[in-house]
Amino acid sequence: MASRKRQPSWAKLDNTALLFPVISGEGMSSTYRICATLKEPVRKELLQEAEEKVLAQFLTFRMRLRMGFFWYYFEENDRKAPEVQEESDFPGAYINKSRNNHYMFRVTYYRNRINLEVFHALTDGFGGFVFLKELVYQYLRLAHPEELAGEKDKLSAGIFLDQEDSYLKNFKKGADHSTAYGSRKAVVLKGEMLPKGEVNVLHAYFKIDELKTAAKAHGATINQYLVGNFVYAMYREYLKGAPSDLPISCCVPVDLRKTYDSHTMKNFFVIVSAKFQPTKETYTRDEVLEFVIETLKEQTTRENLENILSYNVSNEQNKFLRPIPIFIKNIAIRQVYNASADTATATMTNVGNVELREPYQKYVEHFYAMLAMSKGQNMKGAICSYNGTLIVTFTSCLSDMSIQKRFVQSITADGVEAAVETNEYFEEQPAVQPVKGRRKKKHEQMSTV
Amino acid sequence: MNKCPQCKVILYNKADTCPLCHCVVEEMDGAEEARVLEKFGTGAPYPNAHRKQKWVRFALRLVLFVFVIVEALLILINHLTTPDLYWSAITGVALAYGYLFLIYWIRNDSGFAAKVGLQMLFTMVALYEIDNFTGNYGWSLQWAIPGVILLGDGIVFILMMLNRSRWVSYSLLLILMGVCSVAIISLYFAGIISNLVLPVIDVAVTGIYLLATITFGEHDVKRELGRRFHI
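Chain order of the listed sequences is C and Y. Residues 0 to 448, numbered by numbering that gives the first Met the number 0, are exactly what the first sequence covers, in order. Residues 0 to 230, numbered by numbering that gives the first Met the number 0, are exactly what the second sequence covers, in order.
It should be emphasised that the hints constitute simulated quantities derived from the structure, not laboratory data. Where a beta carbon is used, it is the ideal one built from N, C-alpha and C, also for glycine. Be aware that one or more of the hints could be misleading.
Said to hold, decoys possible - Over 12 Å on every C-beta distance to chain Y, these chain C residues come out as not near it, computed from the model:
# : residue
1 : T36
2 : R63
3 : L167
4 : R183
5 : Q298
6 : N303
7 : L304
8 : E354
As the list claims (entries may be wrong) - Using 20 Å as the maximum straight-line C-alpha spacing, the simulated EDC-like pairs for lysine to aspartate or glutamate come out as follows:
#  : chain 1 : residue 1 : chain 2 : residue 2
9  : Y       : K53       : C       : E85
10 : Y       : K38       : C       : E209
11 : Y       : K7        : C       : E236
12 : Y       : K53       : C       : D88
13 : Y       : K114      : C       : E85
14 : C       : K257      : C       : E354
Claimed, not checked - Here are a few chain Y residues that face chain C, going by a calculated C-beta distance under 7 Å:
#  : residue
15 : C6
16 : K7
17 : A43
18 : A48
19 : R106
20 : R226
21 : R227
In isolation and in its complexed conformation, chain C is listed as follows:
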């Protein structure tokens, strides 16, 4: 007897995901990129096969976004897996879902690098890395069937495919919302912008043990040290070390999984801010670091994280707001988002240390992450480490790179050796190119100095 066709499953968007479909478009992609660099060139056909195999087992990624009358929602997508393509666009470019079989992620490659770009509504960096690691494992099993013959051709044991909405699960009514978010404006980084859609990428490579020593000397953790140096670089290069009426506010996403013992593959983070307002002439780097460390410590207490989480969810749970049609909600969400866009200067996220299973480690050189630009924030940083090397990746739509320069120079001044790489030069062409447009101008200016 023929069985009835299985109905596609569906899911409500988590609290963070509700924002992204409303504010995203060609101008603001809400897409992050995470990459794995192999020690060998990537083969397209194997990567495609790996993607198809892995996707079949990840319902979180096998979803499409649909618009309801009151809310967006996810519905299982039974279309073919998106085609793996050679990288040809800037990192974090908008994923046009209708041209991507309605999937909200894409896999591209370039030489040795595998890129996974994910629309943030789907999952955060944690979920993205779970998928990327399985994709890399699967790819390597296909590329090296003999060397990895002992490895089972299935998902790694121990990973969670949990899809609970941990925001709702851990939401507490009646939490103190007054300290959740500040509405005070912050410094906005302005300057000559790159042409629309283009983004400057700079990877700074450091060794973790050297960074640890340097951070310890400043009484900070590595994360506090890097965020502090980023804030200091903005203070010195953008504010020129002068007092300011507005603070430099650096958003720092905090993964809540450890705090709440969650294993969800959906988004589960809140954002705290490292703030520094220069009120007098000239602060030393140590003074700025102290401010940053202090504000981060204050905000990453369990109580404060709980307040932020509850504040975020309370709006979603409001019984008077829920039945408002989506087109009205969208207008309101856009207004609120635009109004709050100038309360942050930049973002620095730490996706943590990536660990691979032993037999696969020798094939992988690096992992790194990068964020797309958002309204009011023209520069973002992402920290990722693997196998003793930590990579800070700055993405920016400003043509000036003096903040990145100051950041790297501040760290090397502490005796940490650094290597950098940018997307400004293309290796298939001669090193100094006759670049057109604004980039050409920049090169011309350089040559006259």
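With chain C held as given, fit chain Y onto it using these hints.
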């Protein structure tokens, strides 16, 4: 690999100047390069993404340029031939409508149903405005808009046939057509329109179509609507 003597950083890019400070870089010797590769591993260069960006931008600007030229010519012809009737305003609206929807279809990533639904609504508004602009003879409400609704029914049918495995996903678009049909026929009872031929055909066709969808869709339609209208 190179090294910047100013920033004291190692550079993976094979460029003549440091990307951070623009200082001319120094080349590393073999032993030093081997040490760095051992310490940090190899870099991963980027492709030239400028070409793709420029092509898309150029194509859209070319279309805009052609539309502007065409409209300018039409305004000129309008001025020389029938200066008392500004028909070129209608062609201007039509060209602007065409261009905006070209961008919408290229850039917006909603599904077909959402795109078709929105375009139908805009077309109805545009037809009504053109009718108003040309003397308010009532042809838009009595003939053109009901015609668009019928066309919408046809498009929904074609979409359902082409995408049979997901035919239920177009039921919301069909409901939109149903709402528009009822709205149009109610204009007769409000005394705004006098001819009922097309509005009645609309209500009949859309009604039968909706009934068939609900009858044959059974749980699928119920499930689809449950998801679409979840609060």
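Quiz prompt | Violations among the numbered hints | solution = 1, 2, 13
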